[in-house]
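Modelling step: build the complete structure from the supplied sequences, incorporating the hints.
First to last, the sequence lines map onto chains A and B. Take 837 as the starting number for the first sequence in my numbering and just add one per residue. Take -1 as the starting number for the second sequence in my numbering and just add one per residue.
There's no promise every hint is true.
Result set (DSBU-like, lysine-lysine): computed pairs, CA atoms no more than 30 Å apart in a straight line [what the hints assert, rightly or not]: (1) A:K1096 - B:K82; (2) A:K849 - B:K84; (3) B:K82 - B:K227; (4) B:K227 - B:K175; (5) A:K839 - B:K33; (6) B:K116 - B:K82.
Hints were generated in silico from the structure; no laboratory data involved.
Residues per chain are reported as follows:
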Amino acid sequence: MIKAIRFVIKEHKNSYRQIVKMALINTEKQTVRSSLGILWTYLHDIVYILVFVMFRLLISGYGNIDGINSIAYLLTGLIPWFFISDMLNQGSRSIRANKGIVQSIRFPVVILPTIEVLSIIFRRFFTFFILIIVITAFGYLECFDILLFLYYFFAMVCLMISMNLLLSAFVAVSEDFYQLYQAFVRVMIYSLPIMWSFDRVDSVAVHVLLRINPMVYIIKGFRNVFIQGMTQDFWYTVYFWIAILIIFCLGCYSQQKLNKYYSDLV
Amino acid sequence: MANKIIVENLNKTYYLFEQDWKILQWIFTGKGYSKVREVLKDISFNVQDGEVVGLIGKNGAGKSTLMKIIAGIAFPTSGSITVKGKVGALINLSAGFNPDYSGRKNIYYKGTIMGMSKTEIDNIIDDIQEFVDLGEYFERPVRMYSSGMSARLGFALAVYCNPEIVIVDEVLAVGDKAFQQKSRAKVVELFQAGKAIVFSSHSDRLIEEFCTRVIYLREGRIAYDGDVKEGLRMYNEDISKGKAAVPC
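Printed below as a string of structure tokens:
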């Protein structure tokens, strides 16, 4: 296991320049054919946000969730979710989608998921500005804490890189796993505290089950950055970092195990 | 003369799985594969600089696998391989290109994938442009290229990235006649510059024209290693014995 972790870290260290360069290229790659380019990402987001806000207003009116304006609640959850869902979608496919590279160019395959995560950060960088503008418009920007923001951003990137190490290895070799996982991601938005609060769940068992997903920590955390009084409890923080460590170890193990076989199996 | 490629007791085994999900089981338990196929068995040889080694053998004899291992794309199951110097792999030439980028941009793109720095690519881009001779197409998206054109681009990048070892897998037949002559001339130039070249082809004529030595792979083993004429004779004899194989 230690060997696997050392292997993954070494590959990243050896080719960090390549990671940044390829992430920049990847960002550009998806925009090169459209005239609006990177703006499309944000237009998609805005449409998505508008639909969600409209439905929220139609169904439950302009109410409060957890004592917070429902729109502000929704947006603070939705915007980190954009990052997460993009990173999960692109990152998990990273090795499979780059089949040509894996099979015919000498390349450190382990860095592919990290490249995707980084390229999404580059591409989506301004999404948080949308959030800040809208939240300010609602008069909810009470305590934007830059340190807390950076901490949660860092936590999110750590989680995404770890998860993608594991997922991309599995997705690369198994079509079944990919399909299963896609179904899982689709329903995930409803199992996170984005549109509703976990406080509405009475059953302790369901509550625990929902909170097993470490992404809950990220979503709640970002809300805490923008809105006061949503602090996380200490033990959940501990759980979150332990979960990351376990996922990271498993990811490294799978990557190291499969590394020699990617060109045969993908 | 220094050894450029040292291969010792190399074996390569492919694990075959009935279903893809069994690979997941295999990662954690080591079980679950239905068959193992040994593609390369106990391969040992050295290649020195200035040598042009021809790899011959039937389809499925392990030529491509061996070349991929030398290029660092695939890995041996056991045994060791030492490759000294940068490898220019002429394998699957149009791989790694992005169809939406222009030819020029793709050179930068694939160069980055291959681990080259921007200055390194800057230094060779003009030579490549001249060599591929695509005219205005060089600035157009690769998706508009014919398959021969994108192969030319791949060929140019692989030979101009200043490799010390060149691996040529059946690709000297890319492009039109003019480009074929040009690419052969380029390979001869590399060979004269003292680079080690490993070359696989089904064309006896090409092997005889280029190679200084032949390695004949039969069912994953080295059946013959040495003189070009003798190797080809043995190979052709085997083909005429076994009716299943198609002579080239």
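Quiz item: Is K116 of chain B close enough to K82 of chain B, meaning Cα to Cα at most 30 Å?
Solution: Cα-Cα ~23 Å, so holds.
Practice problem: Sort out whether K33 of chain B lies within 30 Å of K839 of chain A, counting only the CA atoms. | Solution: Status holds; Cα separation ~28 Å.
Quiz item: If you draw a straight line from the CA of K849 of chain A to the CA of K84 of chain B, is it 30 Å or shorter?
Solution: Since the Cα atoms of K849 of chain A and K84 of chain B sit roughly 20 Å apart, the hinted pair holds (cutoff 30 Å).
Quiz item: CA of K82 of chain B to CA of K227 of chain B, is that 30 Å or under?
Solution: This hinted pair holds, its Cα atoms lying about 28 Å apart.
Quiz prompt | Satisfaction of hint between K82 of chain B and K1096 of chain A, Cα-Cα up to 30 Å | solution = holds, 20 Å
Self-check item: Pairwise hint evaluation, K175 of chain B against K227 of chain B, where the allowed Cα distance is 30 Å at most
Solution: Holds. K227 of chain B to K175 of chain B sits at ~26 Å (cutoff 30 Å).
The structure is consistent with each of the numbered hints, conforming to all of them.
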